[in-house]
Amino acid sequence: MNAYACPRCLNNDPFKIGLRNGLSYCRACIQFQQEPWQPKTRHPIAVRIQLGYALTDAQQNISKGLINCYRNNQSAMVDAVTGSGKTEIVFGLIQIALAEGKRIGFVIPRKDVVIELIPRFKAVFPTIEVVGVFGGSSSILEGDLVILTTHQMYRYEQYFDVLIFDEVDAFPYAGDPVLKAMVKRATKGIIIYLSATFTRDDLNQFKNEGGKVFQLFKRFHGFPIPSLHYKIYPFFIKWFTIIELLYQMNKEGKPVFVFVPTIAIGQMLYRWLHIFIKDVSLAYSTIEQRQSIVEDFKKKTSGVLITTSILERGITMLGLQVIIFMADHPLYSTSTLIQMAGRVGRKKVDPEGKVILLVNKVTSDIKAAQEKITIANAYL
Amino acid sequence: MLICKYCFRIFDPLHVWHFLQRPLLCRICYQQIEWHHRIERWQGIQIESLFDYGPVFQKMIYQFKSNLDVELGSVFLNQHNTYLKLKYFQYTFVLAPSHDDDLIKRGFHPLVEIFKAVGLPLLILFEKNRPYRQSEQQGRDRQGIQQVTILKKSISIPQRICLVDDVMTTGETLKAMIGLLKPISFKHVKILVLARKKPEKIEITRHAKNDKIRNWKQDIWHG
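Protein chains in written order, with our numbering: chain A, 40 to 419; chain B, 60 to 282.
Be aware that a few hints might be false.
[As the list claims (entries may be wrong)] List of simulated lysine-lysine pairs, DSS-like, C-alpha gap at most 30 Å:
(1) 219/A / 277/A
(2) 219/A / 118/B
(3) 141/A / 79/A
(4) 223/A / 175/B
(5) 118/B / 55/A
(6) 161/A / 317/A
(7) 55/A / 164/B
(8) 317/A / 271/B
(9) 234/B / 55/A
Simulated from the structure, these hints should not be mistaken for lab results.
When you get a sec, could you build the whole thing from the sequences and use the hints?
Here it is in structure tokens:
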């Protein structure tokens, strides 16, 4: 029996434990090492929220509920559909916690979403120092509000009084026990979990642990979530069908996201579509200039962006349409499909759009995603 | 069933060779560290390198040397042990210098951990007279290694030696070692490094390529 358990990440898997000079050490969290540092003392700051619009009644109720949870030192979970304004719900809580001089963190598993959120928070809270901590930008660790990726949580120990955790079920956090341990280690107060794709088990387990659950099934503009339209085209036929679909969408003058399951398929599709369509770009995790590619695409009013699941969350664009290529791929889970569909119709000006799935066959994940969207839309 | 020493992924042996030499890295990790076998002449000596100094190799060697993950030491040469043992038979591996303070701090000698699995004699012939990290130096400052490296006294040098290092970027460390060995006479010397800086790619655009072909055709036509 192996008696060693890592004091930082609680790992006791013998395959992840090494032996150095006769002593055991943890190999699971060895990459997450930070020199000890002394946090600064925080002082209360009175901040003003600069939001150009008012929250809906449902949003306000949950916002008040979260503030009550904060007062009662109780963690909470917000299960709200995509495009319901989850981020706006926590602004009130941030304002109150800052006024009491608390340390606040906003954590998301995806680096792209962190980069997207920083200017958004700076615009809402113009008088505070918003600091982004992610791979490639980790020199400043402290600020009034820290927005960071889960991979950077190891830099903090018993630090955050309030931690807002968005997209809890996203890769790479989901299913990684080391990251989970790092999040717990960094927090000394409450955690507010936000997602659009919690499972029933997640919610029940959280309730049993003494947490408070809030649910919101309505998008902030009151329009339904676009339903999934799947088109069954076997083998190579979908490679031709996608050209026709993109021509139609381009005629409407709207930008299109084409989600692909793997980088290799993305590269093949890019080469193929480039022959027929002028305005095609490709973004995936290992491409160096992906940030500039995404930013350039956002400035456009039309065009096609082929992407992997890196852009499935946290991206908002006017008039965006979505095609999920090979949506029956085993890499696509129910939550991934819901999140991808959720990119469509997020703006009040253009609340409708198309979500087309090109498949060989309809999988159980596609059916489950469709069912979940139908249930959410039934609450309208 | 095997477990990758780097990513902890479970994998199966894929090649017949894997049943004889148990792999320590899964196929994905092994591909990512960019195996690139090169044998060239450098400073008049044969130099052999096994990997390109790419981002994943960089991460791996950092985890091994700076995060003190000693278990990773065995993964780099795992698939090359037999080849190296046959090729460098009768040679002694002379390790690149390290400062004693660094070794005490680490608790292990990184090059010993990497090369001990080959099964050839290892010799620590050089040392640094002060703590000095080549990886922290930039450009011409890297030549400072020549003042820092010294030869250990009262050690007999074998006739066939192979200078070994983990990473070669500008080659200043190896130059310093060669410089110190010049006054001493011995039969054979070779160099073995784990990873070398990637050779720079010269990209030829389609137009440039067409021009080149046109020029060739013209040359042939006009004799």
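TODO: Would you pick out the hints that fail for this structure and give their numbers low to high?
DONE: 1, 4, 6, 9
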